[in-house]
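Undergrad: Okay, here's what each chain looks like letter by letter:
Protein chains: 2
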Amino acid sequence: MEEIKSVAIIGVGRVAQHIATELYANGVIIAGIFARDKEEAKRLAAKVKSPVIDKLGKRIAADMILLAVSDDAIQEVAEELGNQKALVAHTSGAVPMSELPDTLRRAVFYPLQSFSIDKQIVWENVPFCIEAENDCDVNALGGLAERLSNRVFVLSSQQRKTLHLAAVFANNFGNLMFEFSEELLSKGQISHEILHPLILETANKVLMQKASESQTGPASRGDIETIKAHQELLGTDNIYRQVYDLLTGEIYKRNHGKEL
Amino acid sequence: MEEIKSVAIIGVGRVAQHIATELYANGVIIAGIFARDKEEAKRLAAKVKSPVIDKLGKRIAADMILLAVSDDAIQEVAEELGNQKALVAHTSGAVPMSELPDTLRRAVFYPLQSFSIDKQIVWENVPFCIEAENDCDVNALGGLAERLSNRVFVLSSQQRKTLHLAAVFANNFGNLMFEFSEELLSKGQISHEILHPLILETANKVLMQKASESQTGPASRGDIETIKAHQELLGTDNIYRQVYDLLTGEIYKRNHGKEL
Chain A
1 MEEIKSVAII GVGRVAQHIA TELYANGVII AGIFARDKEE AKRLAAKVKS PVIDKLGKRI
61 AADMILLAVS DDAIQEVAEE LGNQKALVAH TSGAVPMSEL PDTLRRAVFY PLQSFSIDKQ
121 IVWENVPFCI EAENDCDVNA LGGLAERLSN RVFVLSSQQR KTLHLAAVFA NNFGNLMFEF
181 SEELLSKGQI SHEILHPLIL ETANKVLMQK ASESQTGPAS RGDIETIKAH QELLGTDNIY
241 RQVYDLLTGE IYKRNHGKEL
Chain B
1 MEEIKSVAII GVGRVAQHIA TELYANGVII AGIFARDKEE AKRLAAKVKS PVIDKLGKRI
61 AADMILLAVS DDAIQEVAEE LGNQKALVAH TSGAVPMSEL PDTLRRAVFY PLQSFSIDKQ
121 IVWENVPFCI EAENDCDVNA LGGLAERLSN RVFVLSSQQR KTLHLAAVFA NNFGNLMFEF
181 SEELLSKGQI SHEILHPLIL ETANKVLMQK ASESQTGPAS RGDIETIKAH QELLGTDNIY
241 RQVYDLLTGE IYKRNHGKEL
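Protein chains in written order, with the working numbering: chain A, 1 to 260; chain B, 1 to 260.
Since the hints were made in silico from the structure, they are not lab data.
Small disclaimer: the values here were computed from a predicted structure and weren't measured.
The reader is advised that the hints may include incorrect statements.
Because identical chains share one entry, a pair is satisfied inside a single copy or across any pair of copies.
[To be verified] Quick list of in silico lysine to aspartate or glutamate cross-link-like pairs, DMTMM-like style, CA-CA up to 25 angstroms:
(1) K55 - E124
(2) K187 - E225
(3) K228 - D37
(4) K58 - E39
(5) K253 - D237
(6) K210 - D137
(7) K5 - D54
(8) K253 - D72
(9) K58 - E133
(10) K42 - E183
(11) K258 - D37
(12) K228 - E76
(13) K228 - E250
(14) K55 - E232
(15) K85 - E124
(16) K55 - D72
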């Protein structure tokens, strides 16, 4: 296959909607939409001038079938597809390509982005991680991804698993740190907006240098007095204190080569 | 005092240099620079057309004396100042105003920013937290801060302590999460640039909604299979796994109302 010109989409969740709309806007033919919820399928199909696929199991006339369903539904839905000539890709960061039945031409088309808010996505910045079983399919998939984004990466299932884990640290855990800071400010009756510039700066620095080179604060300086004052302020037996002690100990160790 | 027109600066570290330069650029007279390192003092003084203060203990002719020294030097240096008519402010987030001798007109002038890299600071976005002993000094200090920044906050020493702690969570610990993610990617031989858009998005979301509303990922979804796969990938007895378990448990509890 030289070029993917038409895509059928299974699913009507956030990822399905975002990708369907964006592919359509970039001139890709949406060859069909399938979902258990027929009303939702009709609504999305209307937006991207696509037919609705009534049920799975028949041959779908498309260059690619995109399984934009939840991780635990991928295997089941892929099996329901039956025999297909099209390339079949799922959109998950955590699921290996090998979970798709090996009777299919298997692939992965994973946009690394957090789709949690109802805002415009700047697609050209979204990294796409792709995988397929042969170079020809990788190239075709890469061509499709490049219609949406400037950042296309070919990753193995194992690498994608590592990436997904790294993303949990950066995104979910980073966000939890921001959440803790908002809660501490709220208890002190301080507007959380006061921290916004620092949060932006924290993220922006990572784009310019290694995170380890950006580290500042009492633990990296070895300022024991301030650490003690923070611990006293936090009290004991709460999640803030547990996290504070674990992460402060780690930063101290990294910067001073010994335990705090 | 109605307006602070001249400032003497004690210290030649990063904060001292940044603030001296920026005050000078905004038309404030730099009335003197003091540092133990005379060469450094001369160099900074030349940049801001200021005399060098040879030693402490004499009356300094300035509306304000700024102690931009490390936290543990503030008290000692303030005592060396002796009797002063000028407002005396330190620049620390962690040190209460009361650590300055009560013979002085005490104040705090704390820019909440991470000054770790040699890049231009967008001062108008830097939050300034100010504190003084009476309304008149607060107003004068506020006027000075507003020459540099659009974000001026009057905070008590107790509030500033809480803010400083919250900043450790957001900046130091947030940065450590980014550091962990870079290390995991490096082990998987994956370019860490692939995570940059997600890191920026994580920070940008906090500006638009509460961090708790932005949370995504396996722990918040309750996706036990993915959590198990991540734990297996991390192995045991390492800091990544310790942090993963603690933070995943907390996110799960917050989203599902029970222990993982």
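Undergrad: Check each numbered hint against the structure and report the violated ones by number, ascending.
TA: Of the numbered hints given earlier, those the structure breaks are 1, 3, 6, 10, 11, 14 and 15, listed in rising order.
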